[in-house]
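Participant: Using the sequences and the hints given, assemble the complete structure.
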Amino acid sequence: MIPSIILAAAEEGGSEEKNNFLVPNATFLFELVSFAIILFVLWKWILPPINNAMTERQNKIKAQFEEAEKLKAEAQAAEAENQSQLAEARAEASRIREEAREQGAQIVAQHREQAVVEAERITSAAQAQIEVERAQALAQLKNEVGTIATTLAGRIVGESFDDDERSKRSVDEFIAGLESAPKSEA
Amino acid sequence: MTQSVLVSSDIEIGHHPTFSIGSFTFNSDTVTSTVIAGIIVIALGLMLRRSASAETPGKMQLAWEALVDWVTTEVEANLGKLNPFVIPLAVTLFVFILISNWVEVVPTEHKVPPATADTNLTYALGLVVIIAVQVYAVRERGLGDYAKGFLEPYPVMAPLTILEELIKPFTLALRLFGNIFAGGIMLLIIGLLPAYLTPLPTVPWKLFGMAIGVIQAFIFALLTILYFGMAAQGHGGGHDEAPAKEHEPELQPA
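Protein chains in written order, with my numbering: chain C, 1 to 186; chain V, 1001 to 1254.
Please keep in mind that the hints were generated in silico from the structure rather than gathered at the bench.
Here the structure is a predicted model, which is why all the values come from computation and not from measurement.
Note that CB positions come from ideal geometry on N, CA and C, so glycine has one too.
Among the hints, erroneous ones may be present.
List time: in silico DMTMM-like cross-link candidates among lysine to aspartate or glutamate, alpha-carbon distance up to 25 Å [stated by the list, open to error]:
#, chain 1, residue 1, chain 2, residue 2
1, V, K1168, V, E1152
2, C, K60, V, E1065
3, V, K1168, V, D1145
4, C, K168, C, E179
5, C, K70, V, E1055
6, C, K70, C, E56
7, V, K1148, V, E1165
8, C, K142, C, E179
9, C, K44, V, E1065
10, V, K1081, V, E1165
11, C, K60, V, D1069
12, C, K70, C, E81
13, C, K44, V, E1140
14, V, K1081, C, E56
15, V, K1059, C, E56
16, C, K62, V, E1065
17, V, K1059, V, D1069
18, C, K44, V, E1076
19, C, K62, V, E1055
20, V, K1081, V, D1145
21, C, K72, C, E88
22, C, K44, V, D1069
23, C, K62, V, E1076
24, C, K62, V, D1069
25, C, K44, V, E1055
26, C, K60, V, E1076
27, C, K60, V, E1055
Computed far set for chain C versus chain V, every beta-carbon distance over 12 Å [what the hints assert, rightly or not]:
#, residue
28, E69
29, A91
30, A105
31, I107
32, Q110
33, A128
34, V132
35, R134
36, V145
37, I175
Facilitator: Below you can see the structure in the form of structure tokens.
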């Protein structure tokens, strides 16, 4: 193995003079032409379709994004509209409810007022009737009590108090005294 | 023992089998691998061209599109606009260099080394790039402004600014060459190991080599775009350079 390396080194040393790898030879021209051909082929025939496909796809994706963006905006607008309509409807409903409540309260109040008035009317009518009846009863009583009292007194005394004029006056005075007595008490 | 002699006798740094047409000498292995890489690149491109669709892109198409997209972004960032020549140039450089680098992975007993391990190819690429850059600079800024650019910031620095432009193709060429060439030498050295041991370091080294291949193709394409960007803005002023140029020093040593 060692001799072979030496051999290789010796060969290398020998060939270095006529073939320095940093100095180009005619291969340089071949490479220049080769690269020119490859560059030309790629530039003219291969890169344009790739770029076209890429641009087309990018545009398509961009269009899709724009479309999606638009749809999203539309959906958001519709959503906002829905929301506002819903809020409006809610407000309307609550307004109607409030109105109904007010109306109900009003009706109740009205009816209550009516009832109170009616009750008052009935009460006052009843009182008036009672008053009339009382007055009638009183008047009737006034007439009858005098007669009964004189009759009773006549029986007790044994003489008749048929002197109407006198007896009636005394009875009336008595009743008047009765009438005035409770009133002053009350 | 016989095999180890064969393998080790192949270690001749920078030696290429040659053939001649008239007084022109060609490196036959480089020519072969260039043709192979070129055919692969063009075949991949044509396959893609046939199946390219806007509806359902295949994996290959997506890879191409990612590359074109990256190059387009870089060109726009550095040149300030899309140039109809710079984009295909950078894409072609990337793909061709990548495929050339990856030829090394195929075990051909060093019959078909990567074409990028030959300075003939890398010089050619560097020359194409730098001529295109200078033409672009003249077109963008006019011949007078282009010539005046070498006198900035101080006329006394003209030799340096001219030298800078002249060195660019060499740095491009030799960086690529050095990286790939070194990978090849490493494989040769691994080949000196006893036959039962060679697969052990070969597989990880080839995987590493593939990564190097991607990085070098990336750097070559990116620096090409950066040189175009610098050409559009003038030399070494430092005050009005594109921010992207600041990445350059980080990438240079790779």
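Participant: State for each hint whether it applies.
Facilitator: Results of checking the hints against the structure:
For the hint linking V:K1168 to V:E1152, the alpha-carbon distance of about 18 Å falls within 25 Å, and the restraint holds. At most 25 Å may separate the alpha-carbon atoms for a hinted pair to count; C:K60 and V:E1065 meet this at roughly 16 Å. A threshold of 25 Å between alpha carbons decides the hint, and for V:K1168 with V:D1145 the separation of about 20 Å falls inside it, so the pair holds. A C-alpha spacing of about 16 Å is found between C:K168 and C:E179, which places the hinted pair at or below 25 Å, so the restraint holds.
This hinted pair checks out: C:K70 and V:E1055 have alpha carbons roughly 23 Å apart, not beyond 25 Å. In summary, the hint linking C:K70 to C:E56 is supported, as the alpha carbons are separated by about 21 Å, within the 25 Å threshold. A hinted pair counts as satisfied when its Cα atoms are at most 25 Å apart, and V:K1148 with V:E1165 qualifies at roughly 14 Å. Proposed proximity of C:K142 and C:E179 is supported: the alpha carbons are some 11 Å apart, at most 25 Å.
Restraint check: the Cα-Cα separation between C:K44 and V:E1065 comes to about 16 Å, which is no more than 25 Å; the hinted pair holds. Proximity of V:K1081 to V:E1165 is assessed by CA-CA distance (about 23 Å); at most 25 Å being required, the pair is judged to hold. Under the criterion of a C-alpha separation no larger than 25 Å, the hint pairing C:K60 with V:D1069 is consistent with the structure, at around 17 Å. With a C-alpha separation of about 16 Å, the suggested pair C:K70 and C:E81 falls inside the 25 Å cut-off, and the hint holds.
Distance check on the hinted pair: C:K44 and V:E1140 sit about 23 Å apart at the alpha-carbon level, within 25 Å; holds. For the hint linking V:K1081 to C:E56, the alpha-carbon distance of about 21 Å falls within 25 Å, and the restraint holds. Taking the CA atoms of V:K1059 and C:E56, the gap is about 17 Å. The hint holds against a cut of 25 Å. Distance check on the hinted pair: C:K62 and V:E1065 sit about 17 Å apart at the alpha-carbon level, within 25 Å; holds.
Straight-line distance between C-alpha atoms of V:K1059 and V:D1069 comes to about 15 Å, which keeps the hinted pair within the 25 Å bound. Pair hint C:K44 plus V:E1076 holds up; C-alpha atoms about 21 Å apart against a cutoff of 25 Å. The suggested pairing of C:K62 with V:E1055 holds, with an alpha-carbon distance near 14 Å, which does not exceed 25 Å. For the suggested pair V:K1081 and V:D1145, the alpha carbons sit about 20 Å apart, so the restraint of at most 25 Å is met.
For a cut-off of 25 Å, the pair hint linking C:K72 to C:E88 stands: about 24 Å separates their Cα positions. With a CA separation close to 18 Å, the supplied pair C:K44 and V:D1069 stays within the 25 Å bound. At roughly 20 Å between alpha-carbon atoms, C:K62 and V:E1076 fall within 25 Å of each other, so this suggested pair holds. A C-alpha spacing of about 16 Å is found between C:K62 and V:D1069, which places the hinted pair at or below 25 Å, so the restraint holds.
This hinted pair checks out: C:K44 and V:E1055 have alpha carbons roughly 23 Å apart, not beyond 25 Å. Only pairs whose Cα atoms come within 25 Å are accepted, and C:K60 paired with V:E1076 is accepted, the gap being roughly 23 Å. Taking the CA atoms of C:K60 and V:E1055, the gap is near 9 Å; set against the 25 Å cutoff, the hint holds. The Cβ of C:E69 lies farther than 12 Å from every Cβ of chain V, with a closest approach of about 21 Å, so its non-interface assignment holds.
Every Cβ of chain V is farther than 12 Å from the Cβ of C:A91; the closest lies at roughly 52 Å, confirming the non-interface assignment. Look at C:A105: its CB is around 71 Å from the nearest CB on chain V, clear of 12 Å, so calling it non-interface holds up. Residue-level check passed: C:I107 sits 73 Å from the nearest beta carbon of chain V, beyond 12 Å. No beta-carbon of chain V comes within 12 Å of the beta-carbon of C:Q110; the shortest separation is about 78 Å.
No beta-carbon of chain V is positioned within 12 Å of the beta-carbon of C:A128; the least distance is around 104 Å. Distance to chain V confirms C:V132 as a non-interface residue, since its nearest Cβ pair spans about 109 Å, more than 12 Å. For C:R134, the condition that its CB be more than 12 Å from all CB atoms of chain V holds, with the nearest at approximately 112 Å. Listed as outside the interface, C:V145 is consistent with that label: its C-beta sits roughly 127 Å from the nearest C-beta of chain V, beyond the 12 Å cut-off.
For C:I175, the shortest C-beta to C-beta distance to chain V comes to about 127 Å, beyond the 12 Å cut-off, and the non-interface label holds.
Going down the numbered hints, you'll see the structure goes against none, and every one checks out.
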